[in-house]
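Take the two lone chains, each set in its own frame, and fit them into one complex as the hints suggest.
Residue numbers (our numbering), protein chains in the order written: chain A, 1 to 253; chain B, 1 to 217.
Simulated from the structure, these hints should not be mistaken for lab results.
Computed from a predicted structure; not experimentally measured.
Cβ coordinates follow ideal geometry from the N, Cα and C atoms, glycine included.
Honestly, I wouldn't trust all of these hints.
Claimed, not checked - Stretch by stretch, here's where chain B covers chain A in the computed footprint (C-beta under 8 Å, at least three residues): (1) 204-216; (2) 228-240.
Said to hold, decoys possible - Below, a list of computed lysine-lysine pairs in the DSSO-like style, where the Cα atoms sit at most 27 Å apart: (3) B/Lys-136 x B/Lys-115; (4) B/Lys-103 x B/Lys-4; (5) A/Lys-234 x B/Lys-14; (6) B/Lys-26 x A/Lys-234; (7) A/Lys-234 x B/Lys-48; (8) B/Lys-14 x B/Lys-148; (9) B/Lys-48 x B/Lys-4; (10) B/Lys-115 x B/Lys-44; (11) B/Lys-86 x B/Lys-136.
Chain residues, written in single-letter form:
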Amino acid sequence: MSENVKIEIKDLNFYYDDFQALKNINMKIAENEITALIGPSGCGKSTFLRVINRMNDLIDHTKVKGEVIIDGQNLYSSEIDVVELRKKVGMVFQQPNPFPKTIFDNIAYGPKIHGEKNKNNLEQIVEESLRGAALWGEVKNRLYQPALDLSGGQQQRLCIARALAVKPEILLMDEPASALDPVATAKIEELMADLAKNYTIVIVTHSMQQAARVSNETGFFLMGEVIEYGETGKIFENPNDQRTEDYITGRFG
Amino acid sequence: MQRKGLDDNIEKLKNEMLIMGSKVEKAIENSIDALKKQDIELAKKIMKSDDQIDNYELELEEMCTRLIATQQPVAHDLRTVIVISKLATDLERVGDHASNIAKMVIKIGKEPLIKPLIDIPRMNDIVIYRLRESLKAFIEQDVELAHKIAKEDEEVDLLDEQILRELLTFMMEEPSTIRQATSLIFISRFLERIGDHATNICERVIYMSTGDWDISY
Chain A
1 MSENVKIEIK
11 DLNFYYDDFQ
21 ALKNINMKIA
31 ENEITALIGP
41 SGCGKSTFLR
51 VINRMNDLID
61 HTKVKGEVII
71 DGQNLYSSEI
81 DVVELRKKVG
91 MVFQQPNPFP
101 KTIFDNIAYG
111 PKIHGEKNKN
121 NLEQIVEESL
131 RGAALWGEVK
141 NRLYQPALDL
151 SGGQQQRLCI
161 ARALAVKPEI
171 LLMDEPASAL
181 DPVATAKIEE
191 LMADLAKNYT
201 IVIVTHSMQQ
211 AARVSNETGF
221 FLMGEVIEYG
231 ETGKIFENPN
241 DQRTEDYITG
251 RFG
Chain B
1 MQRKGLDDNI
11 EKLKNEMLIM
21 GSKVEKAIEN
31 SIDALKKQDI
41 ELAKKIMKSD
51 DQIDNYELEL
61 EEMCTRLIAT
71 QQPVAHDLRT
81 VIVISKLATD
91 LERVGDHASN
101 IAKMVIKIGK
111 EPLIKPLIDI
121 PRMNDIVIYR
131 LRESLKAFIE
141 QDVELAHKIA
151 KEDEEVDLLD
161 EQILRELLTF
171 MMEEPSTIRQ
181 ATSLIFISRF
191 LERIGDHATN
201 ICERVIYMST
211 GDWDISY
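Extracted from the complex, chain B is given alone in its bound form (with noise of 0.2 Å):
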C-alpha cells in the first residue's frame, strides 16, 4: 500500500472540503446580509455562486470515490473518506438552503418589513457558528466538540418555533402581512434546517473518530 499516496490524498480531500464548507458559510452569512439590507442584487448573487458549490461536491465525490478505486482505504482512513463524502453532500444541502434564502429576499423585494428582524438574526449567527465549529471538529478529530455543537441544535430548534409563534400573530391580527410572514417563516426553517445539517456532520465526526455511530441527537 502506498501510504503516502493515500495521505496526500486524504489531505487534499480534507483542504478542498474546508473550501467547500467556507463558500457554503459566506453564502449563509450573504443571504441573511441580503435579508437585512433588502438587497436583490445580493440575493440573484448568491442564487447563481450555487452552481459553484455544487461543482464543489460533485467533485469531492468523484475524489472519494477514485481514492477508494485506487488505493483501497480500510479502517479509520475508510471511515474519513466515506464521511467527507458525506460531508460533502450535507454542505452541498446548506448551500441550496442559503440559495432558498436568497429566494425569499427576492420575493419579499423592497417592500418594507412588517417586524424588525431580531430572532432569525440571531438563528443565523448560531447556525454559522455551529457549522464553523462542526468543520473544526472533523479537521481536529474533536469528539468531544461535536458532541457539544450537536447538543446545541435544540437551541435553533427553540427559535425557529418562536419565530413561526410570533409570525402566526402577526398574521391572524392582519391578513395583508401573510404573504411576506410565509417568507420569512420559510427563511426560519431554511436556518433550522442547516442546523439538522450541522448536526450531521458532527454525528459523522463522532463516526469517524470512534467507528461507532451516535444519532441520539
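Excised from the complex, chain A in its bound form (with noise of 0.2 Å):
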C-alpha cells in the first residue's frame, strides 16, 4: 500500500431498521491507487462504498457509526457540506445512466451547479473530462448530440467523465463494466488504471477477475463484515483466511 492514506474508515456501523448490514469495520485506503471490494450479493459492499459519499443519507431509516476520515475531515461530523463532499466523492454506477441531454450539457451539468458560468471554462471542462475518460476522441465532433445515442462503453466513459467534471478526488465505481461487452470493459480498465494516477478509486466488482487484474488492494466481505483486506497479489494467489479462499475459488455456500 502507498503512504499515503486518503479515507479511513474507523469502526464503522451501518443499520437499515434493525438490521446490521457493516460491522466494526477498520480500513485505510490508499491514495492514487485502485482498491477493489468483494463479496458474495448482500455483503455490504456497495452500502459501503455510499457511506463513502453519504449516499446513504437519501434512505430512510438509516444509521451510521463511527468514523469515515477523508483527508482528516470526519464525514459525519455535523459541520460537512455534503453537497462539497459529493463533488470530492464522484461516484459511477452499474447502468450507464447518462441524462437524456447532449454529450456537452451532461458533462457541464456538474460545474454548472456549483456555479461555473464562463461558456469558455465550461468548454474547457468538457473536453479535459472526455479526455480524462479517453472518450474525446470518439465524440468531439458530436458534442451537442443526445447522449443516449452513444454506445454502452461510450456511455459508461461519459458517466466517468461526467464524475470527472467536478475534479473529485475519490471515484467510487460501483460495477461499472457489469453491463459492458469485454472490448468495452477493458477500454474501461485501462482507463481505472490510467485515472489511479490522480485519484483514488474503489470500486465494487463481482468479477473476481476484474478485481485481480486492476487493483492494489482487495477487500473481502461477508455478511457485512472485512474477512479480508490486503494486497491484491496475495489475496489471490495465497488468502489468508479459509473464507476468502473459499470464495475466490468458488467453493462457497
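This is the structure in C-alpha cells:
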C-alpha cells in the first residue's frame, strides 16, 4: 500500500432499521491506488461504497456509527457540507445513466450547478473531462448530439467524464463494467489504471478476475464484515482466511 | 465459476502426473537393474521409453495451460496447477537422467566391473524412495513429509562424494579402470541429480500447501 491514506474508516457500523449491514469496519484506503471490494450479493460492499459519499443519507431509516475520515475530516461530523463532499467524491454506477441531454450538457451539468457559468471555462472542462475518460476522440465532433445515442461502453465513459468534471479526488465505482462487453470492459479497466495516477479509486465488482486485474488492494466482505483486506496479488495467490479462499475459488455456500 | 469442472480437471491432472511419476520411477529402477545385470537390451529399452515420458510432460503442460485459460484458477487451485506444471518438468528431467544412466550402461557393455556395486544400488534405493515419498507428499499435501524428505538429500550427496573418492583411488592405482570408473562416476552424479529433483518436488509441495517458498534445502 502506498504511504498516503486517503480514506480511513474507523469502527464503522451501519444499519437499515434493525438490520446491521456493516459491522465494525476498519480500513485504510490508499491514495492514488485502486481498491477493489469483493464479496457475495448482500455482503455490504455496495452499502460500504455509498457510505463513503453519504449516499445512504437519501435512504430512510438508516443509521451510521463510527467515522469515515477523508483527508483528516470526518464525513459524518455535523460541520460537513454534503454537497461539497459529493463534489470531492465522484460515483459511477453499474448501468450507464447519462442524462437525456447532449453529450456536452451531461458533462457541463455538474460544474454548472457548482456555479461555473463562463462558457469558455465550461468548454475547457468538457474537453478535459472527456479526454480524461478516454472519450474525446470519439465524440469531439458530436458534442451536441444526445448522449443516449452513444454505445453502452461510451455511455459509461461519459458517466466517468461527468464524474471527473467536478474535479473529484475519489472515484467510487459500483460494478462499472458489469453491463459492458469485453472490449468496452477492457477500455474501462485501462482507463481506471490511467485515472489512478490522479484519483483514488474504490471499485465494487462481482468479477474476481476484474478485481485481480485492476486493483492494488482487495477487500473481501462477507455478511457485513471485512474478512480480509490486503494486497491484491496476495489475496489471489494465497489468502490468509479460509473464507476468502472459499469465495474466490467458487467453493462458497 | 464452474467448480465441478475445475475439480474434475485438477483431479485428472494429478492422476496423469502420478502415472508419469510411476513411469519415471520404473525407468530409474530399470536403469540400475540394467547396470547390475549389465543388460544392454534393457538399457536400450529404457532409452527408447524416454520419449513416452517426454510426451507426458508435454501433455501435462498443455492441460495446465488450458485449465488456466479456461477456468482461471486462483489461490490454492492456482498454486496446484502451477506446481503440477513444474513437477512435470522435474519428472521429465529425472526421466532424462535414467536415460543417461542407461547410456552409460551401454558404454560399459559386458566388460567385467572393476568392483562390486554397493554404494550405487544403495543410492538408487534412497533416491527412488525419496522420489516416491515426495509424490506422496504432493498427493496427500503432507507438508511435514515434504520437509522430512527434502532434508534427506544430504545422505545422497554424501554417498555421491564417497563414490567419487573411492573411484578416484581406483583410477590412480590402475589407469586402465579410468574408462569404466568415469562412467560409474557419471551414474552416481545422475542419481545425485535425481535426488535434487525429489528435493525440488518437496519444496513445491510446501509452496502448494502453504503459499510460501521454503528453498532452504
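Hint check:
By the rule of at least three residues with a Cβ nearer than 8 Å to a Cβ of chain B, the coverage given for the region 204-216 of chain A holds, with 3 such residues. Against chain B, the region 228-240 of chain A contributes 4 residues with a C-beta closer than 8 Å to a partner C-beta. That satisfies the three-residue criterion, and the hint holds. A hinted pair counts as satisfied when its Cα atoms are at most 27 Å apart, and B/Lys-136 with B/Lys-115 does not qualify at roughly 35 Å. Only pairs whose Cα atoms come within 27 Å are accepted, and B/Lys-103 paired with B/Lys-4 is rejected, the gap being roughly 45 Å.
For the proposed pair A/Lys-234 and B/Lys-14, the alpha carbon gap of about 25 Å is at most 27 Å, so the pair holds. Restraint check for B/Lys-26 and A/Lys-234: the C-alpha separation of about 39 Å exceeds 27 Å, so the hint is violated. Using a Cα cut-off of 27 Å, the hinted pair A/Lys-234 and B/Lys-48 is violated, with the two alpha carbons roughly 44 Å apart. About 22 Å separates the Cα atoms of B/Lys-14 and B/Lys-148, which keeps this hinted pair within 27 Å; it holds.
The suggested pairing of B/Lys-48 with B/Lys-4 is violated, with an alpha-carbon distance near 38 Å, which exceeds 27 Å. With a C-alpha separation of about 24 Å, the suggested pairing of B/Lys-115 with B/Lys-44 holds against the 27 Å cut-off. A C-alpha spacing of about 16 Å is found between B/Lys-86 and B/Lys-136, which places the hinted pair at or below 27 Å, so the restraint holds.
Against the hints set out earlier in the document, violations occur for numbers 3, 4, 6, 7, 9.
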